[in-house]
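Chain order of the listed sequences is A and B. Using the UniProt record's numbering, you'd call the opening residue of the first sequence number 1 and step up by one each time. Using the UniProt record's numbering, you'd call the opening residue of the second sequence number 1 and step up by one each time.
The hints are simulated quantities; they were obtained by calculation from the structure and are not laboratory data. Quick caveat: nothing in here was measured; it's all calculated off a predicted structure. Take the hints with a grain of salt, since some may be wrong.
If you want a taste of the chain A side facing chain B, the calculated C-beta under 10 angstroms gives, among others [as the list claims (entries may be wrong)]:
(1) A28
(2) Q30
(3) D139
(4) E156
(5) W160
(6) S162
(7) F169
(8) K170
(9) G206
(10) R208
(11) T209
For each residue, glycine too, the CB sits at the ideal point set by N, CA and C.
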Amino acid sequence: MGISEERAGYLENLCRQFRIDVITQLYAVQTGHPGGSLSVCEILTALYFEKARNNPQNPNDPGRDRIILSKGHAAPMLYRILAERGYFPADDLKTLRQFGSHLQGHPCSHGTKGVEVPTGPLGLGLGVAVGKALSLQLDKNPAYVYCILGDGELNEGTIWESAMSASKFKLDNLIVIVDRNHVQLDGTDEEIMPLLDLGKKFDAFGFRTFSCEGHSIADICDTIDRAKDVRSMPSVIIAETVKGKGVSYMEGQNAWHGNPINSQYFERAIKELEATH
Amino acid sequence: MAATIREVYGNALVKYGKDDDRVVVLDADVSSSTKSNIFAQTSGERFFNVGIAEANMVAMAAGFASEGKIPFVNTFAVFISTLGTLGARTFAGYGRAPIKFMGAYGGMSDAFDGATHHAIEDIAIMRAIPGITVLVASDAVLTDWIVKTAIETPAAMYVRLSRDTMPDLYRPDEKFELGKGKILKEGRDATIIACGIMSGFSLEAAYILEKEGISVRVVDMFSIKPIDEALIKQCARETKTILTAEEHSKIGGLGSAVAEVLAGNGLGTPLTMIGINDCYTQSGPYKDLLKAYELDVNSIADKVKSCIR
């Protein structure tokens with residue numbers, strides 16, 4: 001039971017608007033992380049609008065699926081999507097990273113509705129997801145836990161501690177999605193810390209490993225469906241993405257991990273994003 | 001022979017946690033040392049051995065806490081206060097997850113394992129993290145109360161325990177309060193504000209000094225954060241000098257916390273810190289180590305005498 005072509009098209013069009021809005025916000029406040037926000041766009045959209053049960057009217061609904069954006073620096077895209085879903089007014093987005101705003105530089109659970117735990121220090125989100133998944137199993141709650149990791153984040157040793165735990169405790173209610181954009185802050189993954197065969201790594205850690213096209217809503221949704229069928233072990237979806245996706249000069253460029261956008265670059269970005277279908 | 005603090009802790013976990021489904025216990029492959037294995041034996045479905053992976057243990061605890069559980073994380077104090085701190089800061093402090101960080105083998109109580117296993121900076125580290133209550137067990141009755149209180153109080157807590165026995169200070173029906181120290185003995189000439197095993201030693205030193213005509217008040221400041229400012233101020237007014245006594249570095253621990261209160265309130269009462277100098281400790285029998293680092297009863301008594309001279 002895949003997603004209809006029409007629905008996927010609708011969500012991909014929504015993603016185009018999210019990209020425009022996030023670039024506009026980042027340009028306005030002159031701070032924040034464009035590269036990873038653009039790469040994770042379809043993954044978050046597929047979850048919040050299609051695959052993960054979530055209820056903006058009751059963010060703590062026990063029946064909700066839990067979504068943890070471990071790569072917390074992609075907060076601008078998360079915030080844009082949470083606002084679209086109705087967790088908080090879209091007007092709040094203008095206060096991104098500003099003093100007094102609930103939209104802190106990295107997601108904060110006691111400020112922003114829809115955020116489960118604070119994230120930002122890399123390498124810890126998967127452990128939280130493991131704890132949540134175990135807790136749900138104890139409570140016989142059928143909800144799923146989705147944890148979105150950056151690939152640079154996989155440098156952190158704690159990720160692999162958590163991966164071993166997920167496997168030991170047979171967490172088939174845990175679905176990890178790696179935003180595999182191949183670029184981290186100082187350079188490419190290959191230059192900074194090669195991940196080698198990531199699929200084999202996760203296989204060896206006891207995961208059922210899937211891969212998908214990380215900018216295709218349909219492929220992400222189908223792959224999540226397949227991951228949900230896995231029993232007695234955790235799943236990981238390696239979503240192939242492009243850092244800075246949609247803005248040609250940002251694509252694959254580590255310099256756009258967290259750089260402010262000047263007016264010339266801003267205009268180019270918007271022009272390009274508006275031209276995409 | 002009295003029970004060790006770690007045994008008292010393990011038994012208290014069972015006593016208060018066995019029938020409370022919210023309580024989950026995590027250990028990093030040292031459960032037979034921390035005695036969290038006593039809980040594992042009675043409530044195995046809520047006990048999780050996560051292997052030698054302390055940082056992940058804390059992150060998992062944050063996950064449990066965010067689902068309404070009361071997670072107790074267990075490993076040696078020195079490891080929880082180093083490998084566990086990013087998670088402690090991010091989730092327990094900033095994220096307000098009511099994780100209970102149980103620091104086994106506090107101070108030099110893991111005596112023979114040496115400096116790598118002695119926790120002498122844990123209080124300083126955990127005290128610096130906003131939002132984390134810091135408690136130090138000083139006897140069996142208090143340890144039992146701390147476990148009960150940790151379950152009843154929806155706050156993040158760091159608790160320093162011990163591998164060893166401690167002198168009995170309290171009757172089984174003693175009442176405690178978070179943020180309130182306990183006067184163990186009245187005195188006029190000096191006050192010793194102590195925590196952990198040093199509270200019992202200080203009391204013993206005070207009784208020795210009493211025979212020599214020196215009247216010493218002893219306070220068990222088991223709640224390092226929040227600290228009992230009122231009691232510290234009262235002691236500063238009522239006794240001529242103050243000493244602090246802790247099995248911890250002199251930097252950042254109880255002594256520093258008391259100094260902050262005195263200086264912050266413009267109180268000029270002389271303060272002498274008994275603790276471990278800015279150095280690393282050695283292996284050896286626990287009693288010998290306490291003596292070598294001048295944390296034993298006689299050293300405390302000598303220090304008091306030199307202060308009031």
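**Report entry** Interface hint for G206 (chain A), Cβ within 10 angstroms of any Cβ on chain B
**Finding:** violated (13 angstroms)
**Report entry** Hint check, R208 (chain A) versus chain B [nearest Cβ-Cβ separation less than 10 angstroms]
**Finding:** Violated, about 21 angstroms.
Query raised in the report: Can D139 (chain A) be said to touch chain B, with a Cβ gap under 10 angstroms?
Result: holds (7 angstroms)
Requested in this report: Mind checking the CB of W160 (chain A) against every CB in chain B and telling me if the closest is under 10 angstroms?
Outcome: holds (9 angstroms)
Query raised in the report: Any CB of chain B closer than 10 angstroms to the CB of T209 (chain A)?
Result: violated (20 angstroms)
Query raised in the report: Given F169 (chain A) was flagged as interface, is its beta-carbon under 10 angstroms from a beta-carbon of chain B?
Result: holds (7 angstroms)
Query - chain B contact restraint for Q30 (chain A) - C-beta distance below 10 angstroms - result: Check failed: Cβ of Q30 (chain A) comes no nearer than 25 angstroms to chain B, outside 10 angstroms.
Query raised in the report: Does the nearest C-beta of chain B fall within a distance shorter than 10 angstroms of the C-beta of E156 (chain A)?
Result: holds (9 angstroms)
Query - Interface restraint verdict for K170 (chain A) against chain B (beta-carbon cut-off 10 angstroms) - result: violated (13 angstroms)
Query - Satisfaction of the S162 (chain A) interface hint, Cβ to chain B closer than 10 angstroms - result: With Cβ-Cβ at 5 angstroms, under 10 angstroms, it holds.
**Report entry** Minimum beta-carbon distance criterion (10 angstroms), A28 (chain A) to chain B
**Finding:** Violated, because the Cβ-Cβ distance from A28 (chain A) to chain B comes to roughly 26 angstroms (cut-off 10 angstroms).
Checked against the numbered hints given earlier, the structure breaks hints 1, 2, 8, 9, 10 and 11 and satisfies all the rest.
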